[in-house]
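Chemist: Spelled out from the first residue to the last, the chains are:
Protein chains: 2
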Amino acid sequence: MRRFLAERTKRLLLSSSLYSSKPTACSSPFFSRSAAASMSSSSAPPADVTVESINPKVVKCEYAVRGEIVSIAQRLQQELQTKPGSHPFDEILYCNIGNPQSLGQQPVTFFREVLALCDHPAILDRDETHALFSSDSIARAWEILDQIPGRATGAYSHSQGIKGLRDAIAAGIAARDGYPSNSDDIFLTDGASPAVHMMMQLLLRSEKDGILCPIPQYPLYSASIALHGGSLVPYYLDEATGWGLETSAVKKQLEDARTKGISVRALVVINPGNPTGQVLAEENQRAIVEFCKEEGLVLLADEVYQENIYVEDKNFNSFKKIARSMGYGEEDLALVSFQSVSKGYYGECGKRGGYMEVTGFSPEVREQIYKVASVNLCSNISGQILASLIMNPPKVGDESYESYIAEKDGILQSLARRAKALEDAFNSLEGVTCNKAEGAMYLFPRLDLSQKAIEAAKAAKVAPDAFYARRLLNATGIVVVPGSGFGQAPGTWHIRCTILPQEEKIPAIISRFKAFHEAFMEEFRA
Amino acid sequence: MRRFLAERTKRLLLSSSLYSSKPTACSSPFFSRSAAASMSSSSAPPADVTVESINPKVVKCEYAVRGEIVSIAQRLQQELQTKPGSHPFDEILYCNIGNPQSLGQQPVTFFREVLALCDHPAILDRDETHALFSSDSIARAWEILDQIPGRATGAYSHSQGIKGLRDAIAAGIAARDGYPSNSDDIFLTDGASPAVHMMMQLLLRSEKDGILCPIPQYPLYSASIALHGGSLVPYYLDEATGWGLETSAVKKQLEDARTKGISVRALVVINPGNPTGQVLAEENQRAIVEFCKEEGLVLLADEVYQENIYVEDKNFNSFKKIARSMGYGEEDLALVSFQSVSKGYYGECGKRGGYMEVTGFSPEVREQIYKVASVNLCSNISGQILASLIMNPPKVGDESYESYIAEKDGILQSLARRAKALEDAFNSLEGVTCNKAEGAMYLFPRLDLSQKAIEAAKAAKVAPDAFYARRLLNATGIVVVPGSGFGQAPGTWHIRCTILPQEEKIPAIISRFKAFHEAFMEEFRA
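Going down the list, the sequences are from chains A and B. When we follow the numbering used here, the leftmost residue of the first sequence carries the number 1, and every step to the right adds one. When we follow the numbering used here, the leftmost residue of the second sequence carries the number 1, and every step to the right adds one.
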């Protein structure tokens with residue numbers, strides 16, 4: 001070894017001195033410091049990295065939920081801090097994103113107890129711990145640690161996630177659906193988004209490959225399809241029937257795409273709907289399953305809002321349950337279900353936990369999915385643990401059960417009240433119609449804007465609903481996402497507004513919104 | 001609303017009954033349950049998703065660190081559990097991956113205390129907490145919570161990460177380098193891998209775009225380049241000079257690629273080296289910076305092993321420090337530095353924390369990077385917090401300082417001893433030469449295999465070093481990665497072996513390795 005090092009040093013010094021004798025030669029790989037410094041003044045751009053020379057798929061991709069409107073909001077927020085009273089409102093109300101805890105929703109105590117104990121297992125044996133943590137959270141932490149080889153919560157796990165946690169999730173799915181689930185089908189991910197990207201990356205070869213997506217849609221799908229170079233094949237949800245999905249309309253879009261030479265690989269369904277908030281009827285789901293089977297489409301089921309249902313007459317049915325209830329098994333339908341810890345009553349967006357359940361693919365393709373997962377090694381362990389907890393919460397008899405249920409019901413009942421209050425408020429406004437918020441975390445009211453308002457938007461070079469959203473923000477501090485960020489039927493305009501602001505703030509939000517809306521309508525009355 | 005719902009229900013029932021009257025029509029979007037069930041027996045494949053019909057970039061991608069050898073190891077481990085004594089060893093020793101805590105390394109107490117407190121802030125005010133947690137971990141948790149809007153550790157953060165944490169990281173970088181760092185340049189990510197993918201996605205438009213990568217290389221780079229459809233332009237590290245990097249050789253490769261019509265966008269440097277363990281000399285780093293500036297290449301600096309240096313005569317210098325010391329600023333060089341919480345003395349692989357520091361890009365391109373980051377909303381908050389802690393650990397005077405330093409030094413000194421012991425052991429074996437482990441977590445010994453062994457490998461249809469690694473695993477339970485998984489000079493064979501097994505196990509590993517190697521050499525002696 002010493003010999004190697006000596007040689008190496010000699011050689012480097014040699015080459016260094018050799019080249020520094022002609023420091024201006026462009027081909028020279030070595031420069032003296034002075035020569036280097038002298039060049040730093042050159043105004044020539046460094047690497048040729050411009051918006052024109054980077055990946056056009058990146059440039060094409062759009063993500064409205066964190067788009068321009070949010071940049072304006074962040075600027076306003078800074079101005080409020082530096083110059084209090086500089087705006088007609090004293091806080092920014094972020095109704096643009098499903099981020100409950102950012103608006104004051106509290107985490108579920110049991111979940112956080114277990115996460116904290118798994119982060120610092122050294123305290124599990126200490127007496128004081130029993131005074132600070134519930135007995136079942138301590139028991140659960142031990143249970144989880146025993147499922148982790150070497151109890152090493154700081155180690156990379158299996159690339160699909162820790163086996164014991166996947167077992168718990170599979171058991172939770174089986175209990176939910178009444179049909180078996182296999183932990184080998186579970187891929188734990190850092191939230192649902194990376195899982196969606198993984199499937200798009202797998203399925204999309206070129207712009208000749210298409211994915212059927214609902215319009216309006218959550219822009220993760222359009223963004224992911226753009227990033228992976230495929231084509232989005234839109235199918236419109238029917239606002240007149242509460243954002244119903246007509247497979248006959250989907251079939252027409254599919255056939256149009258095929259005549260254009262697009263090979264359609266998959267159909268995305270978001271249930272409960274984002275941004276539209278509807279909960280699909282069971283017969284509607286059966287029709288979708290049948291359609292995907294008949295047409296040989298992978299069914300990508302975004303089911304992250306499965307716990308967010310606010311109406312008596314609707315329940316969540318997973319597409320896997322529906323398919324199995326129709327007698328369809330692995331050999332009949334390729335189905336991927338996405339779940340996340342970010343939504344539901346838990347709303348743990350910052351933990352980036354989630355999973356996809358992958359069924360109906362050949363072992364060879366499954367191996368390819370595993371390989372892609374393995375390149376990123378694994379998802380974060382706290383998120384993995386949390387994903388197992390939401391699918392296996394405290395049970396009757398556990399010390400935490402009653403407080404857990406109280407926290408869960410409190411959050412869901414409050415969300416339902418907020419949804420109803422905002423829905424009624426929107427429907428009370430001139431030129432606004434809003435479908436029922438059956439589920440998810442959003443309302444997607446339709447704005448009937450005057451020609452004068454549309455002209456003003458055109459003059460401002462923005463879509464009419466973006467124009468409205470900007471005016472709303474500047475007047476009230478309320479941040480909503482223009483419908484144009486999700487797609488909408490041509491000639492219709494919407495905004496997406498979350499139902500997440502704290503309940504006690506809702507009345508003020510409604511009155512500020514009303515006042516703005518009336519003034520806006522007056523200003524642009526023809 | 002009621003009207004809408006009534007209409008909707010009516011329409012769905014109508015269409016449902018309408019269609020179920022002709023259940024066998026393939027074009028029918030609705031089916032009765034019986035008709036559906038009757039179809040499930042059809043053996044026709046579901047969606048056309050085969051290895052032939054998925055994204056060929058996915059199929060092309062390879063990741064040896066979790067490749068075939070690991071699958072074999074997992075099978076053997078199961079056999080050891082189900083049939084103890086079924087193999088000539090009683091445990092599998094995973095020396096294939098830099099996953100310290102999976103092999104018994106303990107987490108740094110202060111880091112875990114802060115993470116636990118941020119996961120469950122409800123206990124911060126409790127008296128018992130002071131008995132369980134150090135006073136500075138409690139103070140740090142408060143400090144971090146105060147940097148998070150609404151103290152909401154369960155909320156999505158800014159897509160680059162929480163501003164206050166980025167400030168702490170930027171301050172840590174500035175203290176490390178002696179040159180300023182800007183928190184707006186920091187993008188927090190779920191480990192370093194997603195950051196590398198993000199840059200590849202940004203830079204690669206087609207197979208006509210190339211990235212200069214060291215050979216041997218950490219296969220994340222070849223995998224990411226394959227997944228994003230670019231071309232890997234190899235440059236060989238010189239084993240004879242302790243894996244030195246000769247920019248003259250790199251330049252030759254660059255020119256060859258350009259004559260082939262490849263537009264080379266960036267150069268990857270891994271320092272300290274993976275899998276090669278070298279620490280680059282300062283003049284060598286200056287030459288690389290100069291080369292990238294001259295050739296207009298983005299410098300992608302993998303600096304995740306910056307804390308892992310085991311020799312007196314070497315220090316870590318960030319490429320940013322080197323560039324600034326040469327007088328080069330933002331306008332001279334586009335530079336991205338990758339850091340991770342998974343390596344160093346902390347080894348927190350499971351937390352998936354990391355960041356990239358992005359300098360020298362135009363505001364327009366930065367906006368594009370931000371947009372891609374925003375599509376995944378944000379990285380996990382625990383990982384973000386941990387990334388800030390490793391760049392801002394306890395200071396002199398803090399209650400945890402002495403125990404923290406003891407833990408840190410204990411881990412690093414033990415790693416240095418293990419590296420030396422394994423290095424000496426490899427160099428003592430017939431036909432094996434091993435460069436000095438100056439840094440990182442790996443040794444990359446070269447195997448001089450007999451023609452007879454190479455023939456036997458050929459007969460087994462595997463690379464000779466994969467043949468050796470398989471034999472080693474089956475005989476000893478030791479898992480190493482064949483050099484062919486990283487790339488190596490044609491006609492040379494290597495294995496990558498981590499230095500991570502617990503120190504008390506090293507002697508046994510060495511003797512098992514020696515015994516296997518001698519038997520292997522005997523068996524295949526010409």
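Errors might be hidden in some of the hints.
When chains are identical, the list treats them as one kind, so a pair holds in a single copy or across two.
Distance condition first, Cα-Cα at most 20 Å in a straight line; then the derived DMTMM-like pairs of lysine to aspartate or glutamate [unchecked claim]:
id : residue 1 : residue 2
1  : Lys-251   : Glu-282
2  : Lys-60    : Glu-367
3  : Lys-371   : Glu-52
4  : Lys-57    : Glu-207
5  : Lys-514   : Asp-48
6  : Lys-260   : Glu-295
7  : Lys-458   : Glu-522
8  : Lys-371   : Asp-256
9  : Lys-251   : Glu-79
10 : Lys-252   : Glu-407
If you're looking for bench data, these hints aren't it; they were derived computationally from the structure.
Chemist: Hint by hint, say whether it matches the structure.
Modeler: We went through each hint and held it up to the structure:
1. For a Cα distance limit of 20 Å, the shortest separation of Lys-251 from Glu-282 inside one copy, 19 Å, qualifies, whereas the shortest one across copies, 63 Å, does not.
2. Taking the shortest Cα distances, Lys-60 and Glu-367 sit within 20 Å of each other only across copies (13 Å), while inside one copy they are farther apart (31 Å).
3. Proximity of Lys-371 and Glu-52 under a CA criterion of 20 Å is satisfied inter-copy only: 16 Å between copies versus 32 Å inside one chain copy.
4. For a Cα distance limit of 20 Å, the shortest separation of Lys-57 from Glu-207 qualifies both inside one copy, at 11 Å, and across copies, at 14 Å.
5. For the homomeric pair Lys-514 and Asp-48, neither the shortest alpha-carbon distance inside one copy (50 Å) nor that between copies (51 Å) is at most 20 Å.
6. Within a single copy, Lys-260 and Glu-295 get their C-alpha atoms as close as 17 Å, which meets the 20 Å cut-off; across copies the closest is 43 Å, which misses it.
7. Taking the shortest alpha-carbon separations for Lys-458 and Glu-522, only the intra-copy value of 19 Å comes in at or below 20 Å, while the best inter-copy value is 82 Å.
8. In this assembly of identical chains, the alpha carbons of Lys-371 and Asp-256 never lie at most 20 Å apart, being 34 Å within a copy and 32 Å across copies at closest.
9. In this assembly of identical chains, Lys-251 and Glu-79 lie within 20 Å of each other by CA distance neither inside one copy nor across copies; the values are 50 Å within and 50 Å between.
10. In the homo-oligomer, the alpha carbons of Lys-252 and Glu-407 never lie at most 20 Å apart, since the shortest distance is 45 Å inside one protomer and 65 Å across protomers.
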